[in-house]
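K.L.:
Residues per chain, in single letters:
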Amino acid sequence: MSPPLIFERVSRWYGEVLGVSEIDLELEEGVYGLLGVNGAGKSTLLKLAAGLIAPSLGSVRVLGGDPHADPGIRRSIGICPDVDRFYEGMTGFAWVAHMARLFGFDRREAGRRAAAALDRCGMAESMTKKIGACSKGMRQRIKLARALVHDPVLLLLDEPLTGLDPVGRDAFVRLVRELGRGGRVVVVSSHVLGEVEEMTNRIVLIHQGRKMASGGIAEIRGQCEDRPHRVEIRCASPRDLAREVLAMEGIGGIELHEGRIVVQVLSPGGFFESLTRLGARGGLGIEAVQPLDADLEAVFGYLVRS
Amino acid sequence: MTIEDFGFRSYGGPRLGSFPRIFAIASMDVRRFFRRKLFLIFFLACVFPAIMTLVFVYIRFVVIEGQGEIAGMGDVRALRGPGARLFANLTDVATTFFQPFLSFAMPLAVAYSAVVGAGSISTDRRSGALELYFTRGIRPSHYFCGKWAAVTFMICCQILFSYLAVWVIAVFLAPDWGFLEETAGFVPRWILAQGFFCTSLGFLVTALSGTTSSPRFAIMRWFGILVFLYALTRVLYRQLGESWFFIFSPWHDLRRVAEAIAGVEGVRGFDPYLALLGTALLFALGFHLCRKSMRPVEVVG
Amino acid sequence: MIAWIRATFLIFTQAFGSLLLSKKTLFFGAMNLGYGVLIALLFFFAGDRARQDSLFAFPSLFVFVQILVPLTAVYYSISAVREEIAEKTLTFLLTAPIRRSSIWIGKWAAATAVSTLVIGLGYLCAVSSALFLPVAAREGRALHGSTSMAFAWAVVAGPVAYAAMGTFLAVRFRRAMLAGAIFVFSWEGFAGSTPANSGVRDLTVVDSVRTLILRDADSARRFRREMVSWASAGEFRPWRGDSLEEALEEFIPSKEEAWKTLAWFTGICLLLALLSGAGRDYETAPKE
Chain P
387 MSPPLIFERV
397 SRWYGEVLGV
407 SEIDLELEEG
417 VYGLLGVNGA
427 GKSTLLKLAA
437 GLIAPSLGSV
447 RVLGGDPHAD
457 PGIRRSIGIC
467 PDVDRFYEGM
477 TGFAWVAHMA
487 RLFGFDRREA
497 GRRAAAALDR
507 CGMAESMTKK
517 IGACSKGMRQ
527 RIKLARALVH
537 DPVLLLLDEP
547 LTGLDPVGRD
557 AFVRLVRELG
567 RGGRVVVVSS
577 HVLGEVEEMT
587 NRIVLIHQGR
597 KMASGGIAEI
607 RGQCEDRPHR
617 VEIRCASPRD
627 LAREVLAMEG
637 IGGIELHEGR
647 IVVQVLSPGG
657 FFESLTRLGA
667 RGGLGIEAVQ
677 PLDADLEAVF
687 GYLVRS
Chain Z
-6 MTIEDFGFRS
4 YGGPRLGSFP
14 RIFAIASMDV
24 RRFFRRKLFL
34 IFFLACVFPA
44 IMTLVFVYIR
54 FVVIEGQGEI
64 AGMGDVRALR
74 GPGARLFANL
84 TDVATTFFQP
94 FLSFAMPLAV
104 AYSAVVGAGS
114 ISTDRRSGAL
124 ELYFTRGIRP
134 SHYFCGKWAA
144 VTFMICCQIL
154 FSYLAVWVIA
164 VFLAPDWGFL
174 EETAGFVPRW
184 ILAQGFFCTS
194 LGFLVTALSG
204 TTSSPRFAIM
214 RWFGILVFLY
224 ALTRVLYRQL
234 GESWFFIFSP
244 WHDLRRVAEA
254 IAGVEGVRGF
264 DPYLALLGTA
274 LLFALGFHLC
284 RKSMRPVEVV
294 G
Chain B
35 MIAWIRATFL
45 IFTQAFGSLL
55 LSKKTLFFGA
65 MNLGYGVLIA
75 LLFFFAGDRA
85 RQDSLFAFPS
95 LFVFVQILVP
105 LTAVYYSISA
115 VREEIAEKTL
125 TFLLTAPIRR
135 SSIWIGKWAA
145 ATAVSTLVIG
155 LGYLCAVSSA
165 LFLPVAAREG
175 RALHGSTSMA
185 FAWAVVAGPV
195 AYAAMGTFLA
205 VRFRRAMLAG
215 AIFVFSWEGF
225 AGSTPANSGV
235 RDLTVVDSVR
245 TLILRDADSA
255 RRFRREMVSW
265 ASAGEFRPWR
275 GDSLEEALEE
285 FIPSKEEAWK
295 TLAWFTGICL
305 LLALLSGAGR
315 DYETAPKE
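Protein chains in written order, with my numbering: chain P, 387 to 692; chain Z, -6 to 294; chain B, 35 to 322.
I should point out that these hints are in silico values taken from the structure, not numbers from a laboratory. Misleading hints may appear alongside valid ones.
Simulated pairs of lysine-lysine, PhoX-like, Cα-Cα distance not exceeding 25 angstroms [as the list claims (entries may be wrong)]:
#1 B/Lys122 to B/Lys57
#2 Z/Lys285 to B/Lys57
#3 B/Lys294 to P/Lys522
#4 P/Lys522 to B/Lys122
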């Protein structure tokens, strides 16, 4: 069975401006973080997936169909775009229910689904409030409810955490994880790396309209072979430990600090094995070992800034 | 332990006065307009009457008066037929110079002012720039005056400056200083009249723009109010024979006051003082709408 | 097909509600009421000395048929589409599983319905003030039924075609409102004033609406005479004994032709709207 979302050598131009260029991508079920700096092409990619715009070259397939040409395919897509305008005079419930009816549900079912979606997004108490009177966080939740109301297979979220308070963010992150486990493809676009890291460890990195990397964060970090890994080791006697570590193979350098050392490792596999043996031998008082640049921020920095 | 906020440094140096602030807002708007190619094309279309006048001036001073007669056509004053009548009439200052202005340039100013003025404040309101202005030490009155000055300048470019340029060219094209002597008494009053017309038109369209966040709605309001009230009062005048109804038409008010300043005989016996009263009422209404719609702080949420 | 009709109806209901309850309804309502006030003033001040042609027919043609009807319908239709594009709420509709044609047709129908309501309100005020104001009219009654009913064609037929034109402009052009204003105040006025035999009049809405009115306003003889004389570019000269009925047949199209022209105009405008809006990118430039 082919993956639900496939990009085949997709390029898109806006006049003379390049939106995305030759993107090849296949996304299976789960949550994906779509990362990139401002202007990288994240929103263009989401619009292509939602069928809002057609590719200039290549093809986009959602569940085997073309979302731009075939409106029926859009029944399987839910999008939460990065716009903050609605029909301000309607209530959140009326708007989500109206949208549900456009997805083919009758009045009663649309109402039931709208209430359930708004409840799921934490808007149960304010669903009868006019959208014009809602705060930014509430509007964001209404938008998300609209994306979920028809239970889509592909969920596209463009900067979804903008305007949410800390409690709302936590709830939203949990919701996204839960949605990802339910057999859906969830694509979350953001340039706030911490947000994405909380939701998933699978990323697609876009830079200047091109796909720079895709896959698990650790997997991508492992492929950055020109960048030595930085590992921090907390211990009782840093000098002794530094001496031992220097004797190992594949060490690029050591920084000595009070109560800890930072090691630059060229081949992490062998290093961690040797370190485990060293720890088992005892006497050096090793308290903690922590990679300093295996997180998303470091990976992003290595790829984009280089 | 205290946490210092290093994000903000208060500025202790001298600040701009009211006029430079107004000038900064106005110049920014004017520059923005003249950078757009589409606007430049529209501007050229709107100054077409002035270009036509330039052609008339050339025909009159270079072709007719410069040579005495058109080569091969004999004395133009003795010619017959509609085309010849046009040439013959070009010897008259009013026909050459002011008729195209009154018949074409002033009505075109309505469309032109809609383009330059309808979006002046409404666009800022829509994009949320009003809050930025009003929280940066710019008073609503400064802001409004800046926008008004920009729109007035743009309208002046279309009907006042373009015609002044044509007049200056005409003075130097004329075979002698006769044209200058002929028009010297009239032109200062005419400049004053057009200055009044442009300023008032600019004020009205800017005030209207301040009442909405949609430039489209502002354009339609502008056309709607001007054309609808123009037609309404004309119908009332035609059917009832009462010229005072024109007080309800902004177009008639502005035009009549401008005519009175220029010393031109107004049509249909509309009293200029009544027109002045109508204009004053329009200004009062504009001020009221602006005060109501542009508050220093807009509370959201 | 059923799904298409259903989606179109849903778009229609949503757009109808938001257009009707918007601030612009107040503005256009006031303008259309202004037309009612104009007719009331005319009948009140001159009802005892002038004919219904002067008091109702000519003012209604100049103010109502040529300005208010096109302005209201074109504005509502442009606003219905263009505001969605400007506010980016169109994104929500374009990502729904509906055809774009549903969106454009639904918006057009809503704009037509709302403008008909608003225009109809002004027309009702004008007719009722003319019918019920206690004036000593020359012809025994203030306004003849056939004249007042003839102008109802402007309410029924005008908005349909004007809104179609507005929808096309809105779908196709970024500066649709300016294009709409040029269409209403320049093209309709200029092309509608050309002689009937030039054929240019067929490219306007106002001519067909005027034709429907002229054909039915039997009692407004002076109005008909002047309009026919205008259309004939001076060939019809009633003072020389030319027959009005013959000139009417010669220079003014029949009602069937007028309906056909209106249908063609509306159909072509809607078709152009559907074609130009089918694949158009309303997301214009990359946002990031």
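K.L.:
A separate judgement is required for each hint: does it hold in the structure or not?
P.N.:
Evaluation of the provided hints:
1. B/Lys122 to B/Lys57: holds (20 angstroms)
2. Z/Lys285 to B/Lys57: holds (16 angstroms)
3. B/Lys294 to P/Lys522: This hinted pair is violated, its Cα atoms lying about 51 angstroms apart.
4. P/Lys522 to B/Lys122: holds (16 angstroms)
Hint 3 alone, counting from the list given before, is not met by this structure.
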